[in-house]
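Since chain A is already given, all that's left is putting chains B and C on it; use the hints.
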Amino acid sequence: MRLTPRDTTYFDLLAASAQHLVRGASLLAELLGADRPGREKLAEEMHDVEHLADDATHSIMRRLNQTFVTPFDREDISGLASALDDCMDEMDEAADLIVLYKVDALPDRVSEQVQVLQRCAELTAEAMPRLRSMDKLADYWVEVNRLENQADKLHRKLIAQLFDDLASDPVQLMKLKEIVEVLENAADSFEKVANMVETIALKES
Amino acid sequence: MRLTPRDTTYFDLLAASAQHLVRGASLLAELLGADRPGREKLAEEMHDVEHLADDATHSIMRRLNQTFVTPFDREDISGLASALDDCMDEMDEAADLIVLYKVDALPDRVSEQVQVLQRCAELTAEAMPRLRSMDKLADYWVEVNRLENQADKLHRKLIAQLFDDLASDPVQLMKLKEIVEVLENAADSFEKVANMVETIALKES
Amino acid sequence: MRLTPRDTTYFDLLAASAQHLVRGASLLAELLGADRPGREKLAEEMHDVEHLADDATHSIMRRLNQTFVTPFDREDISGLASALDDCMDEMDEAADLIVLYKVDALPDRVSEQVQVLQRCAELTAEAMPRLRSMDKLADYWVEVNRLENQADKLHRKLIAQLFDDLASDPVQLMKLKEIVEVLENAADSFEKVANMVETIALKES
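Residue numbers (my numbering), protein chains in the order written: chain A, 1 to 205; chain B, 1001 to 1205; chain C, 2001 to 2205.
Just chain A, with the same shape it has in the complex (with noise of 0.2 Å):
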């Protein structure tokens, strides 16, 4: 009664949903080199993507409301899918964010959270698959866990360094806190994947 040829589609789906996000980081990534012109661009280019991300997650949402039997809870599939898409629509508001407030010089441990969100994006992307066998998801998840904790670790300590560094400058201070805060909520949802990942293993154990 559990799997079916047809359900695989399911992971089918998830993996691309993760692939977006991928893509997202990388995106990211590259805009936070970029000059003003440049970084339009790629925001625009990331909001394309979090388009495709959005069709993805409706895709299995229909899906979920269209058949009877799916490969595991109706309700972790959805959740995952919703997680997912979170994180892609955090890390959009953030270059969304860094174009709308015209920074331009960002601190570099900015640099450094966004490296995290792309080795989570990355894992997260290859252990989508993996939910078809519930294979070695362990190693992904425990992962995944430590590379938050290391982000909010940054975190605190770029939130403090702003408070330093911009005690003369309120407005810039403001700006950059909340792109920053931006970027440790997309680590928090990657995070979410993970312990939603998590739960549905040991319910399948």
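Everything labelled a hint here was simulated from the structure, so no lab data went into it. Treat the hints loosely; a few may be bogus.
To be verified - Okay, derived cross-link-like pairs now, SDA-like style, lysine to any residue, Cα gap no bigger than 20 Å in a straight line:
| no. | chain 1 | residue 1 | chain 2 | residue 2 |
| --- | --- | --- | --- | --- |
| 1 | C | K2157 | B | E1044 |
| 2 | B | K1153 | A | E45 |
| 3 | C | K2177 | B | L1100 |
| 4 | A | K203 | C | L2064 |
| 5 | A | K157 | C | H2047 |
The following block gives chains B and C in isolation, referenced to the frame of chain A:
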């Protein structure tokens, strides 16, 4: 098994809930044009409407917990009720912040934001009774999505404008930015309601 | 079919989870009165308590995924566990921000906010074991709703005061505003727990 006479109460309750949103959005528009004492009075009126909306939400939830037969999926009804409630909460919060922050002049684009909310509220109130027959709902959700898109563009322009105009007044910037963001959240919540209606209609079709 | 001896573990787990909140709220009160090194030590202790609370939540979730018979609706138990967890997270975040932002003087009303949280935590911890018999729970949720109302009024006064007192120090304003808002979120989360308990009690009656 689906539709029984008693079930139609849900449509009445959801429609009543949406009517409070029309009233709330119109109070918000009135508040923008009022002087400070007028605004305090209107914010209190808004708060009364918010209480009525809250009661409406609770009625729906209580009924859901007491009945076995619902006109459509239980979680869709409760999701819809609480999404309608979110629209109200955010409009109430915007009114509250305008009074609490003693903001006098608001940019014209804030009125445009509120006009979009008024239109969203009207469309939502007209759509709720049509859930009964699932009639002409597509027009509604397409239009609300278009309006939310418009609200989003407006929001971005407003944020850019605030950072330009208030670069030397960070405290005023903080106040207006928060108000503008709460209004944008309200538009997002209206879109969420529309998306839920779309999901319900697709399931039923 | 509802109550079996084994199921009572849920009540014990929820009660244990609420006990961590009592400890957390009391650490937060202590932290307010401490000097900077004392605060760092107490924030670390708070973090340990947050970890214990996290483990308690995970135990509940894991058990839910492994058992078929639960003393009341599965989603109500998981909702309650994660709402209790939110209370803890927000108190932990408040402690963290006070240390991270190196805030020295806090307005007296912040202590009042924390006193409300302490009372909420105590009431919640006393109520959890009563879920077993559904006994005298109304007193609890009525009182927590009253306290949240009080917290809300306090919060509004605090925000108005911060904008008045710190009109010329926007950076300090940003710091204190965020701390005060996180404490208000914690009060909201306690109310959410109380409202969930009310819903559960009404279903069972």
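How the hints compare with the structure:
1. C/K2157 - B/E1044: holds, 16 Å
2. B/K1153 - A/E45: holds, 17 Å
3. C/K2177 - B/L1100: Holds - the C-alpha atoms of B/L1100 and C/K2177 are around 14 Å apart, at most 20 Å.
4. A/K203 - C/L2064: holds, 10 Å
5. A/K157 - C/H2047: OK: A/K157 and C/H2047 at ~17 Å, within 20 Å.
Of the numbered hints given earlier, the model fails none.
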